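Novice: One letter stands for each residue in the lines below.
2 protein chains.
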Amino acid sequence: MPSRKELANAVRVLAMDAVQKAKSGHPGAAMGMADLAEVLWNDFMTHNPANPRWPNRDRFVLSNGHASILLYAVLHLSGYDLGLEELKNFRRLDSLTPGHPEYGITPGVETTTGPLGQGFANAVGMALGEKLLAAEFNREKFNLVDHYTYCIVGDGCLMEGISHEAASLAGLLRLGKLITLWDNNGISIDGPVKGWFADNTLQRFEAYGWQVEEVDGHDPEAVKKALAKARKAKDCPSLISCKTCIACYAPTKEGSASSHGAPLGEEEIEGARRKMGWKYPPFEIPSEIRVGWDARLAGQQAEKKWNKLLENYKLKFPEAGRAYEDRLSGELPPHWREQALELARLAQEGKPEAAGEQSLRSFSRSLLRGLGESLPALIGGSADLTDSVGAKWEGAREITPESSGGNYIHYGVREFAMGAIMNGLSLHGGFIPYAGTFMVFADYAKNALRLSALMGRQVIWVLTHDSIGVGEDGPTHQPVEQLCSLRSIPGLQVWRPCDAVETAAAWINAVRASARPSCIVLPRQNVPGQDRRRAVLSEAKQVDEPSPIEKIILTVRRGGYILRECKKGEPELILLSSGSEVSLAMAAAELLEARDVQVRVVSMPCAEIFDEQEVSWRAAVLPSNVRRRIAVEASMGDWWRKYVGLDGAVVGMRGFGKSAPMNVLYKYYGFTVENVVKVAERMLGCKEKDKEKEKDA
Amino acid sequence: MPSRKELANAVRVLAMDAVQKAKSGHPGAAMGMADLAEVLWNDFMTHNPANPRWPNRDRFVLSNGHASILLYAVLHLSGYDLGLEELKNFRRLDSLTPGHPEYGITPGVETTTGPLGQGFANAVGMALGEKLLAAEFNREKFNLVDHYTYCIVGDGCLMEGISHEAASLAGLLRLGKLITLWDNNGISIDGPVKGWFADNTLQRFEAYGWQVEEVDGHDPEAVKKALAKARKAKDCPSLISCKTCIACYAPTKEGSASSHGAPLGEEEIEGARRKMGWKYPPFEIPSEIRVGWDARLAGQQAEKKWNKLLENYKLKFPEAGRAYEDRLSGELPPHWREQALELARLAQEGKPEAAGEQSLRSFSRSLLRGLGESLPALIGGSADLTDSVGAKWEGAREITPESSGGNYIHYGVREFAMGAIMNGLSLHGGFIPYAGTFMVFADYAKNALRLSALMGRQVIWVLTHDSIGVGEDGPTHQPVEQLCSLRSIPGLQVWRPCDAVETAAAWINAVRASARPSCIVLPRQNVPGQDRRRAVLSEAKQVDEPSPIEKIILTVRRGGYILRECKKGEPELILLSSGSEVSLAMAAAELLEARDVQVRVVSMPCAEIFDEQEVSWRAAVLPSNVRRRIAVEASMGDWWRKYVGLDGAVVGMRGFGKSAPMNVLYKYYGFTVENVVKVAERMLGCKEKDKEKEKDA
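Sequence lines, in order, name chains A and B.
Letter by letter, the first sequence follows residues 0 to 696 of numbering that gives the first Met the number 0.
Letter by letter, the second sequence follows residues 0 to 696 of numbering that gives the first Met the number 0.
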């Protein structure tokens, strides 16, 4: 039987060889972590390589994702469907082994990592997910949900601010089954970290309520003991500082930053092989070492045992069993259509065409009640703005240090961790996370939103206070460029509804979008309900006999539609708008119509979805020959050029806002019916000139 | 003489009354902090209300900026040019008292705060600035630079990740003159913080190497003692936890979150007045209390004394005296024009029209050497990517825990704090901060960039690895939407140069832009130097007899210009591009020209600056009648619609990238000369059809 060291060396040589072959990558960290990874995977990880989606597997997150080759080597050796060819294709186009671990590409990769610190926060989300599902579904003698979440972090992860936010919450929420190993190699890209990272990290984590321990990361027995101790600490997460040496065994680059982000070179690799006593050529792993790593049989047995448990559980607790399977399936409940309709009807209550001002924030909260009751997977929260954003519905149960279950998280003032923890909850399975904050503070979480989109995870952000409508709090709190910034994230759908009906449609789309994140962007101020009697409704292919409100919702769900068609013929002018400015466009249209101008109003609550519609829909809403187009949105205006072109105009923001009452600001920045009409008239003046020209010709 | 309590109560009533009058604001925190603010301002702060720009004043940062009314009250009472009328106009349009403190609006406000945690990091930057200037200019018996930086933080600031990053660095760098008071009131917007914030914060800060202390924040003597102790700790920053009660004295709202973000109401205010024993009507402060707060005489004397010190310093150390005054003036050195020319010439070395591949990252570093030598205000750094981004030039002196001076900061993997600390250095005066990281990680620091722009501070980001050109590291490290996101921040100039010449122009503009932040966005890959023999050069109004390279630089500095004019007449097609894709556009133009198409190539290194040019320049570069326009940029393409309109085309990204070698990716995503030509031909096909139509008509 091979020694532990030999098992670990298999990882080291694969790491060196794959990086060398790819001519790029990060060999040093993988070589330094080989020993601790070997102990973790061979002595502790419960997983089934044949089924990377087994719900009760232990989760493993490599937060220092640049060491991806460590993870690929371990997945390969333990028996995942990740052949040697893939290691040889490390970092090649469409290989299963991209430069950083990417969720959805490689079997066994639980999350996309690389942007430092976020993997750690994902792991906190996964451990929280496990704890919540366990509280909900476990019964005496039936620990249906019962797994650990292991995470490796590097120095960089611990320097990042998100490590503070996530560790603080993990300690508070007593996530006892979260075990983090710190690859404490004392080296980062700029060199020995002592010049820029001198925290007493163990003391810091103690301050969060973690159990801490320090070991020699190259001593398998010490690592094993520490892991065993961490597993016993049921009431608090654990941090194990593993003192390691980067590029361990590299003859000249061991312990040096030069081994961090580049191939070691043939000679150095040769020397390392000699130092290890490794006699095999590149990419050759002797069979006894393969046997030592092979986790397939144990994994199969573990899953089999659990399947048996699940079967018995379902017999004994049929309702809970069904509920559990429904939760994991990720499918919407069968009564979803009725539920969605109910929400839509709620939106129409009181005849919106006649209705007065609506608070979309409180309407969104009432929708959440409906959703929360029918969708147990929904798990809410807020970064300390629960009431302001309407994130918590009556009946939502708070998750506290004392409680073990619940579906509402007080994330505290921790936007970035909130985003990354939501990603972790979603990745764990069984949850549709949503959370709210002020829109301007989406900035703090930007890269977590990006990773939701990159991973195609269903995470819903409720972003309120979405413009200068914030008023007195001033420019620090008034988004002006955030819409543009969010809309530019590929795959993210950004909904900015104009009234209750569109808010319902936005939530329905967000809940149906099972493989992409959504933002629901709402104003602070109240808005009027819109009159849709002149809206052009979509043919409702998906539904046999849609009710009137269902037709409206299906129309809104196309992302952009004709909210008010002109009286006759082709429009001479199209007003485009979103959110709280739609009412300005509608009122301006009315005034212009009174002057005999044929005006169409297009409401564009979600441009990304509109852009995904078939060409005929888009052309019908925005006919290419109608070039007199004016966009109205209280946001940086350039973004709208994609719809209004060079001949159109934008009534938008040109800079930061100011601190003043909302109504004063709307006037100050030209968001008035009068100004929209003025801009239109100026544009239509061109029209008069055109006519004159035609006459002259 | 009024008691300390009475002095503090003046702040409380002003806070209650101003918020009530404004019908919005945050009275609770201001009332809770009144006692500690009173001690700090009346017993410790050295400042001169008549001259808020006195260089040696103590700095004060209110990181929990929502309590702005506290700061306004204190500034008003201590004698700043902030009349009672302004307190009455709290949160009104163009008042001096916006909802959150805004730098540049209110005398005595040192930084814009509100986005939590950032003020604290600004304070770290200010304290670092003080330490560095002191090390550079102080002489025995001449402590020319010698002031404290005081900061108040709330629970929210301490929950934010940036508090970790900034506190860790402050501890490491032993910023002994940074003193932070924590308004430890145990309440945040969602209620008592114990449900979401249970850190042992003092232990955490000890782990960073801070001196910590806890006191009753309503006991002036205890606060005074703690502040005195903190001032004595010269070798480490101090955190004083001040236990306070939010809305102290409010009869029913004391200690409750309901006092956080809304006026207390007339009745509650009346009750508070009674509890305090305050007998005066709203906005009336009796004269003996005014006398107790008045800091004008002491301030005048303090500055006078320092002015005398400066005079003597200049006599004794004339060179250092001049250097000090130059540093504070913020003006560019007189030989700047020569220096800039030198940089430009450097860019042309080896005749760029014939030159091969250029690494803009290493060229940028060579520019930095030139700049660093002539501009002592320049202070660099990187978030642990020093070599990768070319942030450190030879001769830059590292700032370490042991050193007291230097001009290069290893920020560690702390992008957000890096941004906010740069803001603090800039606000302190005497520094032009720049720092580098990978472009995708600008996401982590987004809101600090935003605040640089909002405050109009000169902060320069070197953002490298700017597209899928990152290659093997994959989509986590490849920016696709970041250009759009950065370009949408008002006031920020985003430079994406195509070669060494444009890189020189970008740096020259960034250094000259004394009141706005800049990004210099550079590729990972090498790029060819561009041939400018067919460029249309700007009339050089600013300079009498410009040299050829000077004319080129002046042209580039217009942000967008004709890099290659068509052979004859009006262009039939305009290719627009930036950065690493400009060479594709140039090569495509050459091929198209060979087929007799009149093509113009517009290089657009900085759209923001181009948009600020006079209309004649913009119209000359992009004539409105030429609608066949193709933009080429390896970034999300919609942004370019503002220049190419509805009739143009964009060769851009449509989603995230992939992990593969750079050349493979450029081909995969259509960034090839062939593809640009193909898109052009398709567009010109329309032209053929146009001609046919004309014939038919």
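For the record, the hints were derived by calculation from the structure and aren't laboratory data.
Don't take each hint at face value.
Note that the list lumps identical chains together, so a pair holds whenever it fits in one copy or between two copies.
[As the list claims (entries may be wrong)] In the BS3-like style, the derived pairs of lysine-lysine whose C-alpha atoms are separated by at most 30 Å in a straight line are: (1) K223 to K242; (2) K22 to K315; (3) K87 to K20; (4) K22 to K87; (5) K677 to K313; (6) K193 to K233.
Quick caveat, the model's predicted, so the values are computed rather than measured.
Novice: Now tell me, hint by hint, if it's right for this structure.
Specialist: Hint-by-hint comparison with the structure:
1. K223 to K242: Cα proximity of K223 and K242: one copy only (14 Å, versus 43 Å across).
2. K22 to K315: neither (56 Å within a copy, 59 Å between copies)
3. K87 to K20: within (7 Å within a copy, 70 Å between copies)
4. K22 to K87: For K22 and K87, the Cα distance is within 30 Å only inside one copy (11 Å; across copies 66 Å).
5. K677 to K313: neither (68 Å within a copy, 61 Å between copies)
6. K193 to K233: The answer is between: 21 Å across copies meets 30 Å, while 33 Å in one copy does not.
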